[in-house]
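Student: Sequence:
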Amino acid sequence: MSTDNPFKLPQFSTVFELKEAELQRKREIIFIGSCADRTTHQEYIAKHREMFMLEYSIAVQNVELDRLKELAESEERKLNIAEQCLEQDAALFDEFLKDNDKSSIEAITKPRFLP
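Residue numbers (the working numbering): 273 to 387.
Since the hints were made in silico from the structure, they are not lab data. One or more hints might be untrue.
Derived DSS-like pairs (lysine-lysine); straight-line CA-CA distance at most 25 Å [what the hints assert, rightly or not]: (1) K370 <-> K382; (2) K280 <-> K298; (3) K291 <-> K280.
Here the structure is a predicted model, which is why all the values come from computation and not from measurement.
Turn these sequences into a full structure, and let the hints steer you where they fit.
Tutor: Here you go:
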């Protein structure tokens, strides 16, 4: 039987150096991973913030459009009412002019009696 050990044991001083190097590699991996995670979380939050702002902007624009449509409809109703009143006034004025013409014609054709 052979007494040669297939595993080589490092010297006592290098064991700590190897252990420290391994811990340093793990810390670097964790640090790199945490930076990547933090960046992705920040990007995620930024994207959601941007989406919220866009949705909010669209909602505000829709409310403003609805308000302007209602205002336009209200002004159109007022304009229609004013147009009807103007047509009625024009018809009344035409009637007044006809009556005035009749009365002036009657005044001209009616004989005048002097006292």
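Student: Indicate, hint by hint, whether the structure satisfies it.
Tutor: Tested hints:
no., hint, in the structure
1, K370 <-> K382, "holds (18 Å)"
2, K280 <-> K298, "holds (24 Å)"
3, K291 <-> K280, "holds (16 Å)"
The structure shown violates none of the earlier numbered hints.
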